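Chemist: Protein chains in written order, with the working numbering: chain A, 1 to 277; chain B, 1 to 283; chain C, 1 to 323.
What the hints contain is simulated information worked out from the structure, not anything from laboratory work.
Note that the coordinates shown come from a computational prediction; the quantities given were computed from them, not determined experimentally.
Just to be clear, a hint being listed does not mean it is correct.
To be verified - Here chain C is said to cover these stretches of chain A; the calculated rule only asks that three of the stretch's residues, wherever they fall, bring their Cβ under 8 Å from a Cβ of chain C:
1) 119-132
2) 239-253
Stated by the list, open to error - Some but not every residue of chain A turned toward chain C, in silico, with C-beta under 7 Å:
3) 22
4) 43
5) 103
6) 185
7) 187
8) 190
9) 194
10) 197
11) 215
12) 216
13) 256
14) 257
15) 258
16) 259
17) 260
As the list claims (entries may be wrong) - Straight line, CA to CA, 30 Å or less: simulated DSSO-like cross-link-like pairs of lysine-lysine:
18) C/111 x B/185
19) A/26 x A/78
20) C/143 x B/185
21) C/111 x C/143
22) C/3 x C/125
23) C/245 x A/239
24) C/3 x C/111
25) C/278 x C/17
26) C/143 x C/125
27) C/17 x C/245
28) A/239 x A/26
29) A/78 x A/240
30) C/125 x B/185
31) C/2 x C/111
32) C/125 x C/111
33) B/15 x B/82
34) C/258 x C/245
35) B/185 x C/3
36) A/240 x C/17
37) C/2 x C/125
38) C/258 x A/239
A virtual CB, placed ideally from N, CA and C, is assigned to each residue, including glycine.
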Amino acid sequence: MSSPVLEIRNLDVTYPTARGPFQAVKDVSFSLGPGERFGLVGESGSGKSTTILALMRMLRGGLVTGGELLLNGRDLTKMTNAQYRALRFAEMSLVPQGAMSSLNPVLRIGRQIADIFEDHGVRHAPGERNRAIGELLQRVGLEPAVQNRFPHQLSGGMKQRVCIAMSIALRPSLILADEPTSALDVMVQKQVLGTLGRVQRELGAAVVLIGHDMALMAHFVSRIGVMYRGELVEIGPVKKVFSAPEHPYTRMLIESLPSFDRVGAFRLAPPAGAGGA
Amino acid sequence: MDRFLFAAAGLYRNKSLLFGLLILTTIVLVALIGPLLVDGTLSRVGATVPRQPPSGAHWLGTDAQGRDMLTVLILAMPQTLKIGLAAGLISLSAGVALGLIAGFVGGFIDTVIRLASDVMMTIPGIAILVLVASNVREMTVELMAVIVASLSWMVATRTIRAQTLSLRERGYVQIARLNGSTGLKLIFVEVLPNLLPFIAASFVITVSSAMLATIGLEALGLGPQNELTLGMTIYWSQFYGAIIRGMWWWWGPPIVAISLIFIGLMLTSAGMDSFVNKRAGTS
Amino acid sequence: MKKVLEVRDVDVVYSGKPALRGLSLAVGGPRPSITAVVGESGSGKTTLIRLLLGFQDPSSGSVLYDGNPLTSLRGGAQRNFRREVQAIFQDPFDVFNPFYRIDHPLLTPLKAFGLVRSRREAYAKIESTLTRVGLDPAETLGKYPHQLSGGQRQRVMIARALLLDPEVILADEPVSMVDASMRSTILEILYGLNRDLGISLIYVTHDLTTAYQVADTIVVLHGGQVMEVGAAEAVIHDPRHPYTKALIEAVPSPDPDKPWNLDESVDGPGRFLPGDEKLALYRTDPLRAVAAPLREGEEATTAAAIQFAVSEAKAEGIVRSEP
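Excised from the complex, chain A in its bound form (with noise of 0.2 Å):
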């Protein structure tokens, strides 16, 4: 087996606060290989926004208290801020939660895009840019032009795709994408999401997805971890954890899904006033 592309061993993140330091990730392990997709699912507050955070070292105000985060055989933990900078879209990049507030409303697409060009020192020739960010529009199925754009003339679905565009630009490793649907309706869920899977088996990237939606992820990754208050309750192939998840929380979080299948356990139970109205 090929060494993993990204190795989290042991992962603390303590955030200090008025009332005491309170510790959001316990203790997270896992890894995943080349190109694989791995789900993480919990409740808001279960610690797993916290550790893609901890990951893409932008945590607000919380510190990384233990652990390893391996990139590639690298430890993430020893860099100096510089070298994270490099890190990030080149090896690494995250495709945020909100696409409204993470493209700048002032700026065109084409420039922004352009921008994580510049920085990471990637040149083109004259015209030869517009061609390659017209192209990277295309591949998350959009058209060339909408770099022309600003951010406000695109609908929700479109500046999610710019935001996959852009975290695919400089060709990395690791995508980690943050509930990336989870302001979407249905349909464009399903149209951004198959979007992120097929750019990501093109380039053959590994994808950290995070997310609250079980059913969601089952469709979409290979292997899930559950967590729970801060640690990671279970970790396993998909179709293992839904047919015997092990920890009730697992359980609890299939069992509550509704499906079109069965209708809620409730409305077998006897009416009260028996009869109805």
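Chain A is fixed; fit chains B and C onto it per the hints.
Modeler: Structure of chains B and C alone, referenced to chain A:
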């Protein structure tokens, strides 16, 4: 109790607010207690030997007319604060009332209020002040406050209007409507308490701008001639050529006192700003 | 006799753009039932809720309660409408005034509508209602909103609506901001309100699966118009309108073995948007109607008519006889 502790903890972390309030409290205490401890007669013309530099007998020296400067300073402070506070309160009440009405009633009334405040904003206040002040027969502290207030209500109006517009769309206002609350009850019970930080912030800003205008007018000689205020003290020192004569103890202390008041107000306002924005962000 | 709240042939236009077109929908009546209004963003579902609550007037058409236009309600009738038509909103955080304890939104309505004579009576009523929605009064009352979880807050809001003894509850995405583990609990409570207390509900959501869990009738709203309306079971398992079909296909199944065809290229929902041509609802079977271009001479129906038909059938035990 819980709330009080939270506020105290917040204040401790917010250094600028803490120092600002500390400075202002000290000044207010001096202005309140000071006049009880000094002999008022020393501030009258010819009470002492004129043009004395600071000494054991007269800590801040005496002016060209034989007034004891320390006594003058201590008696002038409350007057200046009084004008600032009165003007601040008047313009704040007008501003909050107009802002709430504009934000809640909307429509034509909102347009009128907004237009009026926008127009007033563009008029150079000091020009009007000079015009009015030079045409009244006798200027008093109270009149001064009213004139200044009439030119500084717009800040509060605009802030409160904007906040009301956003608050009235909040879920809890809609719930209150479903709960049968209407009109004034909706405004006073649901909206107003959440405006308190903004009201406090605009109060500080309004008081500062009112005091700035007051002192400006006084320094030009358009203030209350028969009363002791910090601005008038500066005016008299200038009038009798204190700077040329090297009587630094005449013009120096009032400037220091004014600076302290403004530093206190500025720190408080800056501190409150971050306080207000944090609240607005999280609540 | 239970009162009916309805929108009748309503159009809503926001600065030239239509938000709702020719909508007729009803809730309440002698056969209390749950209607799910399913729509994506921009479908007009939020506008519908505002209309039904009287927070907004239609551009044309009317909103009626107990047969009278909301705009004509005065005095006692207006107060009754306010009390009897209640709502639960999406965001369980925004609906609490951060300045007050949890007790505030519960006490206010009891006093405002004169439903209790004393504070003690008020608290007795509040406590029994909180218990009904599965909350421990001792651990809920006296707290500030930020001390409760989203699920707890949403249940306090259900209790608030219940305190007023409503005829109709409009639930606007009540579970979309609540953790998955709390969702079915809240849906169960809502379902119980209809089954046990005879309250009629409109459940507005973007989520077909939860709509299917609780509703008797599903109304599919798109671009301000009803695309399809019918008994929940039938709409989900045998959708007739292409938009309904696409919407159902876009929902991932909780069974990982059930194909979802993620790699199939999907078009956005825009392709189903009705053009400028006039649409009408035509009955395809007794409990179902589907939107189609207006056909001269053929009798069209309304969502309200189908809703009543489904409620009637439910009461007679024709549909949804559970396994």
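Chemist: State for each hint whether it applies.
Modeler: Each hint, compared with the structure:
| no. | hint | verdict |
| --- | --- | --- |
| 1 | 119-132 | violated (count 0) |
| 2 | 239-253 | holds (count 4) |
| 3 | 22 | violated (15 Å) |
| 4 | 43 | holds (4 Å) |
| 5 | 103 | violated (18 Å) |
| 6 | 185 | holds (4 Å) |
| 7 | 187 | holds (4 Å) |
| 8 | 190 | holds (5 Å) |
| 9 | 194 | holds (5 Å) |
| 10 | 197 | holds (6 Å) |
| 11 | 215 | holds (4 Å) |
| 12 | 216 | holds (5 Å) |
| 13 | 256 | holds (5 Å) |
| 14 | 257 | holds (4 Å) |
| 15 | 258 | holds (4 Å) |
| 16 | 259 | holds (5 Å) |
| 17 | 260 | holds (5 Å) |
| 18 | C/111 x B/185 | holds (13 Å) |
| 19 | A/26 x A/78 | holds (20 Å) |
| 20 | C/143 x B/185 | holds (23 Å) |
| 21 | C/111 x C/143 | holds (20 Å) |
| 22 | C/3 x C/125 | holds (24 Å) |
| 23 | C/245 x A/239 | holds (27 Å) |
| 24 | C/3 x C/111 | holds (24 Å) |
| 25 | C/278 x C/17 | holds (15 Å) |
| 26 | C/143 x C/125 | holds (18 Å) |
| 27 | C/17 x C/245 | holds (26 Å) |
| 28 | A/239 x A/26 | holds (26 Å) |
| 29 | A/78 x A/240 | violated (36 Å) |
| 30 | C/125 x B/185 | holds (23 Å) |
| 31 | C/2 x C/111 | holds (24 Å) |
| 32 | C/125 x C/111 | holds (12 Å) |
| 33 | B/15 x B/82 | holds (27 Å) |
| 34 | C/258 x C/245 | holds (17 Å) |
| 35 | B/185 x C/3 | holds (29 Å) |
| 36 | A/240 x C/17 | violated (50 Å) |
| 37 | C/2 x C/125 | holds (23 Å) |
| 38 | C/258 x A/239 | holds (11 Å) |
Hints 1, 3, 5, 29 and 36, counting from the list given before, are not met by this structure.
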